[in-house]
Amino acid sequence: MKIAVCVKQVPDTTEIRINPETGTLIRDGVPSILNPDDANALEEALRVKDNLPGSEVTVITMGPPQAKEMLQECIAMGADDAILLSDRALGGSDTWATSNALAAGIRNAGSFDLILAGRQAIDGDTAQVGPQIAEKLGLPQVTYVKEFSLEGDYVKVKRALEDGYEVLKVKLPCVLTAIKELNEPRYMSVPGILKAAKHDIKVWNAVDIGVDLTTVGLKASPTNVFKSFTPKPKGEGIAVEGDTPKEKAASLVNALKEKHLI
Amino acid sequence: MKDFTEYKNIWVFAEQRQGKLMNVTLELIGEGYKLSRERGDGAKVCAVIAGNGVSPLADELYQYGADMVYVLEHPLLTQYTTDGYAKAITDAINTYKPEIVLFGATHIGRDLAPRIAARLNTGLTADCTRLDINVSNYMDYLEENTTASLNGLDRNDQSKGLKQTRPAFGGNLMATIVTPNTRPQMATVRPGVMTKREKIQGAKGELIKAEVDLTPDDINVEVLEVVKAAKEMVSLTDAKIICSGGRGLGDPEGFKLIEEFASTVGGVVGASRAAVDAGWIDPIHQVGQTGTTVKPEIYFACGISGAIQHLAGMQTSKIIVAINKDPECPMMKLADYSIEGDLKKVIPEIMALWNQ
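In order, the protein sequences belong to chains A and B. The opening residue of the first sequence carries number 1 in the working numbering; numbering runs sequentially from there. The opening residue of the second sequence carries number 1 in the working numbering; numbering runs sequentially from there.
Just so you know, the hints here were simulated from the structure itself, not pulled from any lab data. Some clues are possibly wrong.
Unchecked claim - Below 20 Å or equal to it, Euclidean Cα-Cα: the simulated DMTMM-like pairs (lysine to aspartate or glutamate) are:
no. : chain 1 : residue 1 : chain 2 : residue 2
1   : A       : Lys169    : B       : Asp217
2   : B       : Lys345    : A       : Glu241
3   : A       : Lys171    : B       : Asp83
4   : A       : Lys227    : B       : Asp91
5   : A       : Lys169    : B       : Asp218
6   : A       : Lys246    : A       : Glu236
7   : A       : Lys68     : A       : Asp50
8   : A       : Lys246    : B       : Glu260
9   : A       : Lys156    : A       : Asp113
10  : A       : Lys180    : B       : Asp277
11  : A       : Lys146    : B       : Glu225
12  : A       : Lys146    : B       : Asp277
13  : A       : Lys227    : B       : Asp251
14  : A       : Lys232    : B       : Glu144
15  : A       : Lys169    : B       : Glu340
16  : B       : Lys20     : B       : Glu198
17  : A       : Lys180    : B       : Asp140
18  : B       : Lys20     : A       : Glu241
19  : A       : Lys171    : A       : Asp200
20  : A       : Lys156    : B       : Glu297
21  : B       : Lys199    : B       : Asp67
22  : A       : Lys146    : B       : Glu38
23  : A       : Lys156    : B       : Glu260
24  : A       : Lys246    : B       : Asp213
25  : B       : Lys228    : A       : Asp163
26  : B       : Lys228    : A       : Asp80
27  : B       : Lys345    : B       : Glu222
28  : A       : Lys198    : A       : Glu162
29  : A       : Lys232    : B       : Asp218
30  : B       : Lys160    : B       : Glu297
31  : B       : Lys8      : B       : Asp91
32  : A       : Lys146    : B       : Asp282
33  : B       : Lys196    : B       : Glu297
34  : B       : Lys256    : B       : Glu225
35  : A       : Lys68     : A       : Glu258
36  : B       : Lys8      : B       : Asp83
Unchecked claim - Computed beta-carbon distance windows for the label pairs:
no. : chain 1 : residue 1 : chain 2 : residue 2 : range
37  : A       : Gly210    : B       : Glu253    : 57 to 65 Å
38  : B       : Ala278    : A       : Ser149    : 21 to 29 Å
39  : B       : Ala278    : A       : Pro191    : 40 to 48 Å
40  : B       : Glu211    : A       : Glu151    : 34 to 42 Å
Beta carbons: idealized from backbone N, C-alpha and C, even for Gly.
All chains, full assembly: derive it from the sequences and hints.
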């Protein structure tokens with residue numbers, strides 16, 4: 001089995017704070033991580049490889065040169081190969097343009113039996129790139145995958161819904177997007193870390209992947225950021241007074257009653 | 001500037017599961033109605049419903065404000081498949097040329113909309129929490145609720161592009177996205193954010209049966225089973241009072257107290273991602289960026305420090321009450337009423353006083 005896994009390096013948004021004076025994001029010192037859902041996608045690919053020796057797992061990302069660090073982490077977890085699509089011409093791509101680039105990168109890397117991605121990245125939370133890669137590659141998709149099994153030429157998956165789940169059967173090749181319920185990602189191994197240090201990560205530019213340059217980058221993107229801003233901080237709240245829990249509870253209940261909320 | 005005059009009307013994907021319309025569909029018809037009138041050029045709000053034997057649902061769609069209903073019926077649309085729905089709806093969009101297409105940001109909407117947008121080579125904005133056409137209204141919103149500068153905006157601007165506002169970075173940052181050069185303009189919208197219209201009994205509209213051209217070869221995914229969870233959907237979006245618990249509960253037992261609290265105050269149980277990730281409570285209770293967006297009358301945040309993802313899903317609640325040992329945590333700063341203390345001592349006292 002040849003498996004491609006689409007990954008993204010993201011700022012750890014749980015570490016981001018707002019500067020209360022300026023209302024802007026404080027990104028200094030915020031670590032970059034492998035996007036959590038993508039780690040689940042990679043784990044599932046590695047499990048297929050564990051069960052089917054001889055399988056190959058290739059991770060692919062689009063991003064700045066420092067995304068190499070994350071790709072090394074993927075190699076250290078057990079991926080066989082890593083590709084970084086990095087080019088100023090790809091910068092500022094929205095999800096449509098990103099999927100054009102990633103689809104071209106995947107095509108350039110060879111033919112794959114299975115393509116996995118995380119459902120969504122924690123910086124943008126769009127969940128659009130997985131399905132859009134599937135469309136650009138002309139492959140069927142299943143999103144929100146929480147259980148996976150390989151049955152010959154087919155995969156059988158459980159797709160999570162808000163009020164239950166679906167069991168679906170899809171012929172390979174196909175694109176699946178993973179959620180955290182799918183598995184528990186493994187840690188990097190010591191031999192893996194040693195291998196990653198020596199591994200030569202492929203870095204491809206827009207010309208290398210043969211993508212139509214009118215379909216990538218900021219200018220080609222159908223969506224534009226019109227404005228970005230932060231929500232206005234709320235007015236000062238009230239610290240409920242009282243010496244005991246009982247007194248504090250009484251002050252609160254009285255305040256809510258005064259506002260006719262009880 | 002491209003000529004988009006042939007694109008008209010605002011479409012809402014009318015998501016139904018097992019023949020029942022999703023709440024977000026009705027919310028979007030309400031929003032689409034408002035936007036169509038904001039355009040002021042005779043634009044209509046139209047529901048597009050796919051399935052098999054779904055035309056009887058048209059009446060309900062009219063009652064909530066739809067001017068028109070496009071019905072896409074075919075035996076191969078009996079169950080939701082990405083392939084079947086994407087083809088049928090893309091074909092209908094190409095035939096009827098809507099100006100705007102809205103989807104609920106559900107597990108189905110977020111599966112389907114990106115596929116259709118990629119096929120149409122148009123823009124899609126995910127998980128919107130606000131939509132504007134009228135520039136002056138948009139400026140009012142920015143002025144009242146955000147720190148944005150109004151530079152470059154003009155209240156007399158008559159342009160009719162859709163301004164799609166959404167949270168990013170877990171709600172720390174908001175962005176307004178536009179789709180200037182392609183049509184239709186497409187967006188998914190978070191459930192629970194938009195307001196449905198008052199139901200009008202007997203309301204009527206125009207029904208159009210659109211042609212559906214599907215063969216079994218078009219569908220590459222076989223649906224073996226659709227399982228509805230035995231548990232009821234937690235109606236967080238409709239709740240007037242929510243009692244939410246986080247890591248500060250200390251252990252899964254803490255949710256017993258939250259459940260008692262909720263039943264005493266007539267509320268619904270919510271949870272932070274930390275509590276869900278710890279396995280203390282089912283994910284259906286999760287409030288926040290990856291859970292449900294809520295705006296109750298009163299939100300009790302018990303032992304929730306206030307990670308930005310959580311704040312993004314509840315900060316528009318009318319009154320926020322935080323109970324926490326740490327007076328410096330973000331939730332205590334955000335709260336209208338903050339109670340510093342041990343929630344296991346404070347909550348029973350609130351319960352004792354509530355119904356007196």
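Any hints this thing doesn't respect? Which numbers, in order?
-> Those not satisfied are hints 4, 6, 7, 13, 15, 17, 18, 19, 20, 22, 23, 24, 26, 27, 28, 29, 30, 34, 35, 36, 39.
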